[in-house]
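Undergrad: The whole structure should be built from the sequences, with the hints applied where relevant.
Protein chains in written order, with our numbering: chain A, 114 to 535; chain B, 2 to 355.
If you're looking for bench data, these hints aren't it; they were derived computationally from the structure.
Built from N, CA and C at the ideal position, the CB exists for glycine as well.
One should not assume that every hint holds.
Within a straight-line C-alpha distance of at most 25 angstroms, the following computed SDA-like cross-link-like pairs (lysine to any residue) qualify [to be verified]:
(1) B:Lys332 / A:Trp275
(2) A:Lys280 / B:Ser279
(3) B:Lys331 / A:Glu258
Computed beta-carbon distance windows for the label pairs [said to hold, decoys possible]:
(4) B:Lys332 / A:Glu523: 57 to 63 angstroms
(5) A:Asn437 / B:Arg240: 54 to 60 angstroms
(6) B:Glu160 / A:Leu528: 29 to 35 angstroms
(7) B:Ala38 / A:Leu274: 35 to 41 angstroms
(8) B:Val315 / A:Arg256: 14 to 20 angstroms
(9) B:Glu160 / A:Glu496: 39 to 45 angstroms
(10) B:Ala14 / A:Gln266: 20 to 26 angstroms
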Amino acid sequence: MPVWLREQSWRQTLTAVYLSLPLRGARATAASIFCSEQYLKVSIPPFLFEAVLYAPIDDTNSTAKIGNGNIFFTLYKKEPAMWDSLTLANADKEKLQCLRENAVLKAQEKAKEETEAKKIAKQEHKKYALEATMKVEEAERKRIEDLKEKERQKVTKELELWNNQQKDGDKYKSIQNKEELHQEIEPLKERKNEKMDKMRIPNEGTSKTRLKSTKGRGSCSIFSQSLKEEQLPAPRAAATIQVNFTPRVFPTALRESRVAEEEEWLHKQAEARRIINSDLSELQDLKEEEKNPDWLKDKGNKMFAMGNYLGAVNAYNLAVRLNNKLPLLYLNRAACHLKLRNLHKAIEDSSKALELLTPPVADNENARVKAHVRRGTAFCQLELYTEGLQDYEAALKIDPKNKNIEEDAEKIRHLIQGTMQN
Amino acid sequence: LGRGSAVSMAQQALSYTVFDCKWVPRSARLLCLGSAARGTGLVQLYELHGARLELLREIEKPKPIKCGTFGATSLQQRYLATGDFDGNLNIWNLEAPEIPVYSVKGHKEIINSIDGVGGLGIGEGAPEIVTGSRDGTVKVWDPRQNDTPVANMEPVQGESKRDCWTVAFGNAYNQEERVVCAGYDNGDIKLFDLRTMSLRWETNIKNGVCSVEFDRKDINMNKLVATSLEGKFHVFDTRTQHPTKGFASVSEKAQKSTIWQVRHLPQNRDIFMTSGGSGSLHLWKYEYPAQRSKKDSEGSEMGVAGSVSLLQNVTLSTQPISSLDWSPDKKGLCVCGAFDQTVRVLIVTKLNKL
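TA: Written out as structure tokens, the structure reads:
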């Protein structure tokens, strides 16, 4: 239970109330003062003082001074009038409670308003700061633009001047030249016939397009020019120099960033050719040429062309047993399986071919496009249209100019949309 | 504005793809060469008036034009030599462009790059034009000799060919000496000596070579810059050639994308600009080392490469800037053409202070 402080002393004037509250030894620093329009509470544990004031005060301007063992309040009245007493005398408990709560609410509201006001003020400040910086930057930009404009105008003026100089110089020299021309006509006519005509024509007309104006700053008249011409050495004796280039396997230009990938691809290809899985006993009764995967591949291609798909598959099978790292074997076998409607096998083979065709370089573009298209076709025939579309789109990415692939991709898209609608 | 910053003067949107742009010497005019949508070649002549480009003339040719040069023509004549998509080398008198002054079907495939030397009052010796083509050959032509080149650098019989992407003349300091430098798509750079008709030096920079240029064509060869794919360029010090190691070089990786062109400032041979696939231009300065050559363990001379520092960098477009040319008359004025079908004229300021 707090100890009530009741020994306040107060005096008043028309506009203010001066309240003095002795602290009785309690430490002033721990005082917490709560004040609203009509309610005042001071709590210094364990002491407590509260007062419901007679009339409302202006709590924003009122002050409290803590010192000398008491708290001195200066409360400014809202309405200048003399109070009968400091507190409302006949306040019963409930009213007190009400008033207290109201006071608290009011205080809260005021606090809220204050924070709102602060926020708005802050925003204003920020806006102002932003506008100020913008203005500064604008000024800077304008300054630079002005400098640039000045430079531009300076250059324009210089160019104009120089142009005019040219014009004058040309006019002067063209007049001079006309006279010289008339003097020099006979001896030079045979040699420089054509050239002279060309020179004369623009001179006699007012040369608007001065591109071919005859006199630049170099030599002056035809006479000296002809001398100069004779001083030029004869055309060189024709010769050929043979050139060797740094070898390059790929047809594309050399790029340093692609070198690593290209090396990897070449390495893989080289290795693939060298591997031969030769521990199969059935191979002993094969002819020499039948052990060569490339020969078998060619055989397979021929049979495919003739329509003998089973035979082609056999040939490719044997080739794969000999060397399972050649992507083209799988690629071609996939085509055969497509024709034979072994769709799952076609998908397997295309996938294997794609695996072997990494890293993707410009060299194996064609092969990759074919692999994607074949796999896509197989998927579509199995009615797995979304997978098929994925493959067609991959093919398009590698070779965007291929019309057939584009059209097929469109057809698949329509099919998908059609089945979805059903 | 800092040193060397590029201020845009004028720009012009074009209705065709521009492959090359060149200043007409001794004038404020520039040429744009390219390919129209319908597959014909276009040459447009513009004049710079203040902040605008005014179209003076448009010439259409049956085949798209890839590159052009004024390098082999005299200042009076100012004939334009062009290489087109069909392998034809033509020299045009722009006043009378219906019939070329010189024409030859020089190559079987597109002429990727062309350069001229001996004209414009620069350098000594006969005017010559060199063309490099996708068919792997580099041919040198003399406009006085029809139909056959005066030098032909072709692949050995039976060997696969690499596209030649760029050519440049150099070392033309007297009437006999001349070299041609060629860059290929497999990273090879080859230097051919035309006086001895032999291969003088070769190297491989591991990325396709987009552009080569000597800092000056008409002096004892001093520096060669070669730019390539993947944002790298190399500066070779060509004053000292070591018997086995060749030329010393320093290389710089400027950006992630291809560096399409390098052009040296005509008025200061240690400053050059590179144009990139990301639409940006970089201005570089080369600083020579304290000693340009030193002796190696066997006593033969080898060159010492200097260092390159970036002065400025500006991004003009989102598409590659494929062609770049400095004006030989006004220091700092340059034109660049990009694949966004725009040609831009820039002035690079405060180059005097460098």
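Undergrad: Hints first: check each against the structure and report whether it holds.
TA: Comparing the hints with the structure gives:
1. B:Lys332 / A:Trp275: Answer holds: B:Lys332 to A:Trp275 is near 13 angstroms, not above 25 angstroms.
2. A:Lys280 / B:Ser279: violated (40 angstroms)
3. B:Lys331 / A:Glu258: Holds. B:Lys331 to A:Glu258 sits at ~22 angstroms (cutoff 25 angstroms).
4. B:Lys332 / A:Glu523: 57 to 63 angstroms: holds (59 angstroms)
5. A:Asn437 / B:Arg240: 54 to 60 angstroms: For B:Arg240 against A:Asn437, whose Cβ atoms are near 58 angstroms apart, the range 54 to 60 angstroms holds.
6. B:Glu160 / A:Leu528: 29 to 35 angstroms: At 51 angstroms between Cβs, range violated.
7. B:Ala38 / A:Leu274: 35 to 41 angstroms: About 39 angstroms separates the Cβ atoms of B:Ala38 and A:Leu274, which means 35 to 41 angstroms holds.
8. B:Val315 / A:Arg256: 14 to 20 angstroms: holds (18 angstroms)
9. B:Glu160 / A:Glu496: 39 to 45 angstroms: violated (52 angstroms)
10. B:Ala14 / A:Gln266: 20 to 26 angstroms: For B:Ala14 and A:Gln266 the Cβ distance comes to about 23 angstroms; the hint holds.
When held up to the earlier numbered hints, the structure conflicts with 2, 6, 9 and fits the remainder.
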